[in-house]
Each structure stands twice: as structure tokens, then as C-alpha cells.
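Peer 1: Numbering (the working numbering), first residue to last: 1 to 169.
Please keep in mind that the hints were generated in silico from the structure rather than gathered at the bench.
You can take every hint at face value.
SDA-like, lysine to any residue: derived pairs with alpha carbons at most 25 Å apart:
id : residue 1 : residue 2
1  : Lys-121   : Ser-85
2  : Lys-121   : Gly-136
3  : Lys-168   : Ala-87
4  : Lys-70    : Asp-124
5  : Lys-70    : Ala-87
6  : Lys-121   : Val-97
7  : Lys-168   : Gly-127
8  : Lys-168   : Gly-123
9  : Lys-168   : Gly-136
10 : Lys-168   : Val-73
11 : Lys-74    : Gly-148
12 : Lys-74    : Asp-98
13 : Lys-70    : Pro-145
14 : Lys-74    : Gly-91
15 : Lys-74    : Ile-105
16 : Lys-74    : Pro-122
17 : Lys-112   : Ala-102
18 : Lys-74    : Glu-160
19 : Lys-168   : Thr-99
20 : Lys-168   : Ile-105
21 : Lys-121   : Ala-102
22 : Lys-168   : Asp-103
23 : Lys-74    : Thr-99
24 : Lys-121   : Val-86
25 : Lys-121   : Cys-140
26 : Lys-74    : Ser-137
27 : Lys-121   : Asp-69
28 : Lys-121   : Gln-75
29 : Lys-70    : His-126
30 : Lys-121   : Ser-137
31 : Lys-168   : Asp-96
32 : Lys-70    : Gly-88
33 : Lys-70    : Gly-166
34 : Lys-112   : His-126
Please read all numbers here as calculations on a predicted model, not as lab measurements.
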Amino acid sequence: MRLTATTILSLLLLAACGDSAAPPTGDDGTVRADTRTPDAGVRPEASTPDGLAPDTTSSSTHSFAELYDKVFVKQGCAHPTCHGSVAGKGGLSLLDVDTAYADLINASSRTKECNGAVRVKPGDAHGSLLYAKVSGSPGCGFRMPPKGPLIPASMIDAIEAWIIAGAKR
Numbered sequence: 001m002r003l004t005a006t007t008i009l010s011l012l013l014l015a016a017c018g019d020s021a022a023p024p025t026g027d028d029g030t031v032r033a034d035t036r037t038p039d040a041g042v043r044p045e046a047s048t049p050d051g052l053a054p055d056t057t058s059s060s061t062h063s064f065a066e067l068y069d070k071v072f073v074k075q076g077c078a079h080p081t082c083h084g085s086v087a088g089k090g091g092l093s094l095l096d097v098d099t100a101y102a103d104l105i106n107a108s109s110r111t112k113e114c115n116g117a118v119r120v121k122p123g124d125a126h127g128s129l130l131y132a133k134v135s136g137s138p139g140c141g142f143r144m145p146p147k148g149p150l151i152p153a154s155m156i157d158a159i160e161a162w163i164i165a166g167a168k169r
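Please build the complete structure, drawing on both the sequences and the hints.
Peer 2: In C-alpha cells form, the structure reads like this:
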């Protein structure tokens, strides 16, 4: 029997959709990190090729739409089992680019652990919960993503640069 590339890809995607794909949640519905993984909190190397390396030669930064697509959508944050629904895990909805922007900019976290922490403070990456969570060192709650490696360092750097530049649309 010969398997086509489409069949193989479909089988791989189905395997990725098992129960273990959904991040673990606490009794209050907040996402918990799997701290048993050896890479928990370890930031990947900046040489990861993902097309989002920040431009260090000029003052330009990535648009929010580009970050939304390359970080939130392609890294799985906007998946329905995470933040890709109207309610979203932890009350953060990344359902679409407009909802995501509104739920991030100057918006306070509504989780028990991070209640009141501002998700994105334009101009202040290190005071923004989003940056703390994706860089693996949140002062509250759990890192994002909660399982497996962090997103590539170049994406974390692009988020940081975007926030520092004012988190413009």
C-alpha cells in the first residue's frame, strides 16, 4: 500500500490533535505550565529562522497584523483550545486580529494569579504581561506556551520591539 503525502500529512495532523494538545488548565480555567519538561523557561536561540527577526538597522517594527499571523496564529496561540475563541483561556481572546488587539492593549488580565497585570503596556515591554509570558519569566501565572519550548527567540524579540515602539496597530 502506498501512502500519499496528503495521507501522511493528515495522519500527522490527526496525531497532533489528541487530548495532549490542549494545554493543561487549573480548576479556575487558567492555563498551567508543564514544568516537568526540561525546556520549561528556556529561551530558544535567536538564530531560529522564522522570518520575524527584528530590524536592528532602523526604527521600523513589525505591524500587529504581522505579529498576529506569525506569532499568535502560526504558533498555535489562536487555536480554539487556547485563546482562539470568544472567551479564550484566561479571558484573553485572540479570535481575530481586531479582537486580539483590543484584548491586549492596556487591558488587564482577569486571571486569579495575574489579576490587574496589564497585558501590553505600549512603550514598556518589560512591564507587559505578554512579553513576560512569552519570554518564559512571568511574575504571575505560567509561561506561554504552557508546554514544550518557548516560541522562537526572534519572535520574542519582535514582540519586545513592537511593544517598545508603542504597540501600534
